[in-house]
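Quick note, the working numbering runs 1464 ahead of the 1-based positions in the sequence shown.
Please note that a few of the clues may not be correct.
[What the hints assert, rightly or not] Computed spacing ranges between beta-carbons, pair by pair:
#, residue 1, residue 2, range
1, Ile-1590, His-1570, 40 to 50 Å
2, His-1540, Arg-1576, 15 to 25 Å
3, Asp-1660, Leu-1547, 33 to 43 Å
4, Ala-1579, Glu-1628, 15 to 25 Å
5, Glu-1587, Gly-1521, 36 to 46 Å
6, Ala-1573, Gly-1521, 39 to 49 Å
7, Arg-1519, Asp-1635, 32 to 42 Å
The set of hints was computed from the structure by calculation and includes no laboratory data. Where is the CB? At the ideal position from N, CA and C, for every residue including glycine.
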Amino acid sequence: MIASGAKIAFIGESGSGKSTLLELLAMILRPDSSTRFTFRPRSQDDASDVSAAWRTGDVDLLADLRSRHIGYVLQHGGLLPYLSVRDNINLPRRLVHGPVDDVAPHWAARLRIEAQLEKRPAELSIGQRQRVAIARALAHDPTVLIADEPTAAIDPVNAERIMELMVGLVDELGVTLVIASHAHELMRNAGLRMIDLNIETSDRNTMHATVSHAA
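Produce the entire structure from the sequences given, and follow the hints as far as they go.
As structure tokens, then:
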């Protein structure tokens, strides 16, 4: 079980299944089989049976859970190149029909990228793009933040700074943090509980573990 507010890092080398596991947890990828996967965004919410939704093909439920409760940071940011930083940050709120108001300036200030709001991703450094990606992932107030190798393309100094910012924000907001990384020391220094992956099956889409998220 992944408890609400937990900070977990799945550690493994390339090909160990880290990204696949994150996509399963984010309800993006459907496994060939699953034992149990329930998701309770907040303590006052009813638990959703994700395994049942996979079996019945309830894509609407999965899409709703993803869009409202999951923030996702891709390894290289995954920002839309034709949108400004401001519009990239606002995008998740627009997708759930939420107000944007001062959301982008607020998160830009928190991630120290205020001067970049009107720029396009191509005009930013790699570290700045990753900060924008974190701001975008948190802009719609998710309960879970998932990050796939968020510091892999960043120099060690900036990697440590970004981890400090991200962990500080999720602690403040009470957001569950799940990261895939091969940077053992960085994750350890950031105070994350580390889980080594050793997936020996050749079928990366098969999920046999019991997984739930609960408050």
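Hint-by-hint comparison with the structure:
no.: 1; hint: Ile-1590 - His-1570: 40 to 50 Å; verdict: violated (23 Å)
no.: 2; hint: His-1540 - Arg-1576: 15 to 25 Å; verdict: holds (20 Å)
no.: 3; hint: Asp-1660 - Leu-1547: 33 to 43 Å; verdict: holds (37 Å)
no.: 4; hint: Ala-1579 - Glu-1628: 15 to 25 Å; verdict: holds (20 Å)
no.: 5; hint: Glu-1587 - Gly-1521: 36 to 46 Å; verdict: holds (42 Å)
no.: 6; hint: Ala-1573 - Gly-1521: 39 to 49 Å; verdict: holds (42 Å)
no.: 7; hint: Arg-1519 - Asp-1635: 32 to 42 Å; verdict: holds (36 Å)
Hint compliance for this structure: hint 1 is the single one not met.
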